[in-house]
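**Student:** When you get a sec, could you build the whole thing from the sequences and use the hints?
2 protein chains.
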Amino acid sequence: VVEPDAVPEEGYAFDRATSVRPEATGRRTPAGAVFEADIDGGWAIGAKPNGGYLLAMLARGAVAAAGEVEGLEHPHPLSASAHFLSAPDAGPAEVHTEVLRRGKRLSQVRSRLVQDGTARVEAVFTLGRLDPDADAWWDDVPVPPDTTPEASCTRLSGTGSPSGLEVPLMGHVDLRLDPAVTGFAVGAPTGRGEVRGFLRFADGRPPDPVSLLLAVDVLPPATFDLGSTGWVPTFELTAYVRRVPARGPLLVRHRARLVESDMVDEACDVWDARGRLVAQATQLAGVRVAGTRPAPRR
Amino acid sequence: VVEPDAVPEEGYAFDRATSVRPEATGRRTPAGAVFEADIDGGWAIGAKPNGGYLLAMLARGAVAAAGEVEGLEHPHPLSASAHFLSAPDAGPAEVHTEVLRRGKRLSQVRSRLVQDGTARVEAVFTLGRLDPDADAWWDDVPVPPDTTPEASCTRLSGTGSPSGLEVPLMGHVDLRLDPAVTGFAVGAPTGRGEVRGFLRFADGRPPDPVSLLLAVDVLPPATFDLGSTGWVPTFELTAYVRRVPARGPLLVRHRARLVESDMVDEACDVWDARGRLVAQATQLAGVRVAGTRPAPRR
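Protein chains in written order, with my numbering: chain V, -15 to 282; chain Z, -15 to 282.
To be clear, the hints were calculated from the coordinates, so they are not data collected in a lab.
It is possible that some hints are incorrect.
[To be verified] Partner residues aside, some chain V positions facing chain Z, computed with beta carbon under 10 angstroms:
#1 Thr102
#2 Glu106
#3 Thr110
#4 Met247
#5 Gln264
#6 Ala279
The beta-carbon is built from N, C-alpha and C at its ideal position, and this holds for glycine as well.
**Tutor:** So, in structure tokens, the structure goes:
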């Protein structure tokens, strides 16, 4: 039995930063409920709020909108697909929800982040309840066998990056990249199109299904390992949350799959501290590539 | 130079079956345009319209809604993420669209299939224009090297399946599964969780970006190859269309990744007749598994 860490009196930072509350005036759109939220500039890369952080906030709106019917709650996002429309800023925002289906076992909810009257992120969720004791029947996604142990990885700092960009997000998460894939930071990418590392919340918050939506979007882009260091705007991100993660660090891996002129897709896998695959994701993002074309991983 | 097949006088079946038209009365929802459509029972598995077929119809609504601005059209779905809410029947339906963002290079549009006043499929698209001559800069997804040539594969029939289910869809597509992965049909799945095959339209229609949305959802589930033969309802499907496919057959591969108590995720890759990766997809679906647990592929 692992002793839980002491919960800070004010709660965990991630829970505060992703919280939504019913609008004071009880305003509704033609489709459904409106929640108020505050986008916290601490969960950002430069001035841009992290996409996984925004997705977690939208999931909270979706869960609240699906509510409780006949004593049944659907607290876990099983699937989340998000299209990113325009980056919001830190500050007040609204989450507009619409319950598309409310079943006994599953609910499906649309959740939209709106700021200054403009839709910023459009996401749809399948919600349900994961059984913490469920085991895999079959899986074909092994933990990368040659991963450096967490204790031998160095924590990413939010300052002093090669690009000069401040990353306040790195104050909230304790992200330790595997040194085998951090050659890009010193101009020596491996050309394998892979990044991986260990992730914890800096304040000791244990991982849970909602926080896996952050986990799938928090590493540097896998294209850094191909020699591209430009900003990678995400157009679409889909995450599947498959299990309730165990306490302890998550191992997160991103792999680039196809890079053509100006887009890349990446596949992400997340394992918990017990080595169980707990989440998977793909994203399609813009990219600028130039120079030598590395050989495929194969 | 490949001579184009003669186009049938009435057009191709897929184009007719996925067409949408502005509602005669010009009705709009608070959010956007409404299109009329007819769900064609010929593109179904049993009585259930195929999900990829419905997604292609929703893409047509999205492209029409995004329209043309300053002479720029965005005819190609680059990403599509769909949540399946409740299966529609063959017959009249509506496509409700909302343009979420209209940019010079990309548009993003929500498209919802509504039948009998009930939302059936909720999809969001990123639309743009793929350059037919663009080449990959890097890719890490090789054509399965041991694939049986198309000429040595047998076309799937729409009748006489082990389950007794009629599959009218197989009259519209010419789908030839690799015999290396069809052991499930005679009770001898390989246990590798993979199905693959060659896909053409039966009437000679060449593949295009919209038809790739059908291609990623037309094979039998990869879980058949794990010994599960039950119906696999899809909750979420995300497709990335990366290139304009060349004329000729598509090679489509599905692989199961994680099967736990009652859900499976599958990854799909599609190559064109020139061996170029043209589309990728993932889906999360319900599944019932029982009996021996096959060893992972690894």
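**Student:** Evaluate each hint against the coordinates.
**Tutor:** A quick look at each hint next to the structure:
1. Thr102: With a minimum Cβ separation of about 9 angstroms from chain Z (threshold 10 angstroms), the hint on V:Thr102 holds.
2. Glu106: For V:Glu106, the interface hint holds, since the closest Cβ of chain Z sits about 5 angstroms away, which is under 10 angstroms.
3. Thr110: 5 angstroms, holds
4. Met247: Holds, about 7 angstroms.
5. Gln264: The hint holds - V:Gln264 has a Cβ within 10 angstroms of chain Z, the shortest such distance being about 6 angstroms.
6. Ala279: 9 angstroms, holds
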